[in-house]
Amino acid sequence: MKITLKIWRQKGTNDKGSFKTYKMDHASPDMSFLEMLDVLNNDLVRKGEEPVAFDHDCREGICGMCSLYINGRPHGPLQTTTCQLHMRSFSDGETITIEPWRAKAFPIIKDLVVDRTAFDRIQQAGGYVSVNTGGVPDANEIPVPKKIADEAMDAAQCIGCGACVAACKNASAMLFVSAKVSQFALLPQGQPERMERAEKMVARMDAEGFGACTNTRACEAECPKGIKITNIARMNREYFAAMLTNYEVEAGAGGD
Amino acid sequence: MKLESKIPEGPIAEKWTKHKFNLKLVNPANKRKYDVIVVGTGLAGASAAASLGELGYNVKAFCFQDSPRRAHSIAAQGGINAAKNYQNDGDSIFRLFYDTIKGGDYRAREGNVFRLAEVSVSIIDQCVAQGVPFAREYGGLLANRSFGGAQVSRTFYARGQTGQQLLLGAYSALNRQIANGKVKMYNRTEMLDVVVVDGKARGIITRDLVTGKIEAHSAHAVLLCTGGYGNVFYLSTNAKGSNVTAAWRAHKKGAFFGNPCFTQIHPTCIPVSGDHQSKLTLMSESLRNDGRVWVPKAAMKGLKAKEAVNIKEEDRDYFLERRYPSFGNLVPRDVASRNAKYVCDEGRGVGPTGLAVFLDFADAIKRDGRKVIEQKYGNLFDMYMQITGDNPYEVPMMIFPAVHYTMGGLWVDYNLMTTVPGLYALGEANFSDHGANRLGASALMQGLADGYFVVPYTIGDYLATIGWTDKVSTDHPAFKQAIEEVNGRVNRLMSIKGSKPVDQFHRELGLTMWEYCGMSRSEEGLKKAKKKIQDLRAEFWTNVNILGSANELNPELEKAGRVADFLELGELMVDDALNRAESCGGHFREESATPDGEAMRKDDEYAYVAAWEYTGDNQPEVLHKEELKFENVKLTQRSYK
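Protein chains in written order, with the numbering used here: chain A, 3 to 258; chain B, 2 to 642.
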């Protein structure tokens with residue numbers, strides 16, 4: 003296959019970036035998209051040009067590290083991760099435009115690599131059940147109806163790639179945050195901290211500079227793991243319930 | 002130096018309990034005076050960092066990815082074993098122990114494996130309490146399945162994403178400690194050396210992958226939870242970033258390397274499609290429950306899946322069913338892989354490269370109907386279709402074995418401490434629990450056992466013994482020197498400015514390892530490989546080309562450092578494979594086979610752990626042997642005929 007690539011190149015966070023055009027005449031339809039970039043990079047090294055930086059790791063669609071905004075869509079034309087996209091999804095002679103995720107809360111580090119640590123900080127704000135290692139009940143002492151467990155699992159499948167943010171015109175992270183809030187709101191293990199979890203995670207999300215949700219459903223349409231926006235509706239309910247409820251945010255000094 | 006495994010005396014079922022009681026404790030008020038470094042945030046690292054933070058230690062955790070949640074544990078599909086006996090089918094701690102020792106072809110320590118089976122039950126409790134959404138029955142209790150040929154149903158799972166859910170559980174516990182200020186997390190930071198002062202591990206040297214800054218971090222103890230080294234083969238099911246650097250740096254600072262040649266090669270992976278291939282994708286071995294493995298009786302070069310449907314029944318060779326009538330397509334991973342290689346070596350492989358065999362579901366679809374097969378394997382079939390473009394409901398799949406896991410790793414004692422005091426290795430990074438072959442659903446079990454339930458106990462004993470005042474600051478000359486060495490190495494790599502990209506060296510190394518130190522190994526081939534690796538290493542240091550600078554995000558530089566270490570490790574693997582002139586588990590020496598070509602173990606000569614000591618660059622490593630004693634299981638030769 004012969005293709006033309008228009009790739010965003012940017013030296014560092016504070017540098018000005020621009021598109022650069024590359025021609026490639028030996029792509030194969032069986033290559034994954036990232037393998038095509040590997041080939042490009044090795045060609046560039048041989049020519050003495052600096053290769054294109056992009057994030058990737060597992061290359062089997064589960065780690066969430068790969069990104070790329072391809073021809074105006076996060077992870078390209080299929081509803082899958084970029085690493086699972088193959089060149090047979092493109093036609094011979096096509097021009098392919100590759101950009102990084104674009105969002106204020108995801109600053110560009112270099113070329114196509116962005117900083118997604120805002121997602122980690124949202125999880126640190128409350129995306130957990132407060133149990134220490136050891137001293138927990140036997141696993142089967144916490145029965146969970148199958149339907150609930152399945153629904154929690156649907157939400158828990160989020161890989162944290164950030165495609166939802168990249169797809170959204172407001173760069174909202176509601177789909178990502180609501181997936182975690184939903185998982186724990188559904189499960190019995192999540193009940194004791196249900197209120198404060200929703201409140202703290204939403205507060206952190208806002209502080210990180212993600213936009214608001216205006217229900218365009220672009221996130222759902224692009225999510226490679228099929229996370230549903232019903233999770234956003236659930237998170238809104240959780241959040242409003244928390245706002246209307248009096249609960250203790252901080253435990254006292256303890257002991258006496 | 003004599004290797005002391007420190008396995009406690011007494012009956013096997015009491016060893017761990019007794020040992021825990023005998024371990025020294027750190028006073029709760031003093032725990033905050035100790036600093037611990039955890040490198041890697043997969044199942045072992047995240048669970049250890051979280052648990053140690055909860056206990057009150059000050060933890061610094063490091064990962065090279067952009068987030069701790071990306072570690073490659075996330076990609077494990079099948080499940081996690083635990084001896085819960087929830088299914089009332091006769092499982093027990095002893096049975097899980099027995100199966101694991103036997104599955105490892107009698108090359109693992111009894112004491113460690115029994116402890117693993119013992120704590121397996123606590124792991125499931127812990128994960129459920131964290132909110133891990135395991136599969137459940139309609140009554141609300143946990144579901145189990147039988148996995149990897151086990152005769153009991155002891156595998157817990159979360160769809161085909163068990164590793165993901167367990168890792169996100171450990172990540173959530175880690176996040177809680179980060180929020181509590183007990184763990185300081187360093188993303189996009191790679192460990193490039195360990196610092197040893199007065200014979201004890203005192204800290205590490207890291208490179209910030211975004212700014213290129215080289216930094217020193219000191220602590221009372223260092224935990225390496227850095228995974229396996231399967232990427233020495235270039236093509237493997239590992240993530241692209243998975244590497245041996247942390248373990249190898251530790252090895253060069255005095256930590257012995259245990260059984261480096263023990264590699265697991267998984268039979269059901271999607272074959273290589275061309276020279277551009279960057280990694281291999283595994284498909285669950287559950288596919289062999291219904292799929293039949295075959296190649297044409299006579300060589301048919303380049304046979305496509307579409308053409309295969311027209312090959313007459315009498316012209317097909319269902320080679321596993323033919324050679325192993327009682328186990329058929331369900332023989333263990335090592336046997337299935339080796340036989341696929343044999344038929345391809347005979348020139349009967351299929352597909353454009355001739356390195357593939359068919360896995361055919363036509364009979365199963367005829368017998369059970371497409372709907373049943375779709376329910377069982379729908380997502381796997383979809384994945385296959387996405388990657389290859391072929392529809393496995395209509396044409397047979399093509400599969401080929403791929404490197405999947407490394408049983409070898411840093412040698413550790415019962416406390417998970419390496420031969421360097423204060424330096425620990427957990428999870429796949431150590432050698433300890435899987436012997437010469439790992440069973441399905443036991444890697445996740447080991448990672449979490451080490452991190453949640455072993456190291457939090459054993460590290461206290463070491464810390465209490467040395468005392469909190471026994472710490473070296475990063476101002477110490479040893480840290481300064483280590484920083485200089487790391488800087489020197491980075492600068493040396495950058496200054497070569499040769500003509501070949503890093504990937505090309507990695508690919509060549511991988512081809513050599515796969516050809517001579519892969520599924521089948523011979524003395525002649527291994528000797529050839531040793532020479533090839535030495536030559537390639539010499540060329541690397543004169544002809545690799547890394548562009549850009551060292552003071553910025555530079556993926557080529559990251560890769561180069563890792564490949565440089567693989568080029569040294571590869572030779573040690575070859576040495577270890579040469580030394581072990583027996584066949585066991587994933588290690589098949591052509592010289593040690595029965596007359597009909599099956600693996601032959603030599604217990605009289607090789608029932609030991611080979612622990613290798615580094616003695617200097619380009620010097621031969623020194624072999625130390627830890628004898629393996631079997632008091633609770635009887636050694637037998639495996640047979641699947």
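In case anyone wonders, no lab produced these hints; they're calculated from the structure.
Mixed in with the good hints there might be a few duds.
Stated by the list, open to error - Pairs of lysine-lysine, PhoX-like flavour, derived with a Cα cap of 25 Å:
(1) A:149 x B:372
(2) B:372 x A:148
(3) B:377 x A:148
(4) A:49 x B:501
(5) B:377 x A:149
(6) A:49 x B:560
(7) B:183 x A:202
(8) B:603 x B:103
(9) B:103 x B:254
Unchecked claim - Chain A regions said to be covered by chain B (calculated; three or more residues, Cβ under 8 Å):
(10) 49-57
(11) 94-105
(12) 134-144
(13) 154-162
(14) 185-197
All C-beta atoms in this analysis are idealised placements derived from N, C-alpha and C, irrespective of residue type, glycine included.
Status of each hint after checking the structure:
{"no.": "1", "hint": "A:149 x B:372", "in the structure": "holds, 22 Å"}
{"no.": "2", "hint": "B:372 x A:148", "in the structure": "holds, 22 Å"}
{"no.": "3", "hint": "B:377 x A:148", "in the structure": "holds, 18 Å"}
{"no.": "4", "hint": "A:49 x B:501", "in the structure": "holds, 10 Å"}
{"no.": "5", "hint": "B:377 x A:149", "in the structure": "holds, 19 Å"}
{"no.": "6", "hint": "A:49 x B:560", "in the structure": "holds, 19 Å"}
{"no.": "7", "hint": "B:183 x A:202", "in the structure": "holds, 19 Å"}
{"no.": "8", "hint": "B:603 x B:103", "in the structure": "holds, 15 Å"}
{"no.": "9", "hint": "B:103 x B:254", "in the structure": "violated, 33 Å"}
{"no.": "10", "hint": "49-57", "in the structure": "holds (count 6)"}
{"no.": "11", "hint": "94-105", "in the structure": "violated (count 0)"}
{"no.": "12", "hint": "134-144", "in the structure": "holds (count 9)"}
{"no.": "13", "hint": "154-162", "in the structure": "holds (count 6)"}
{"no.": "14", "hint": "185-197", "in the structure": "holds (count 5)"}
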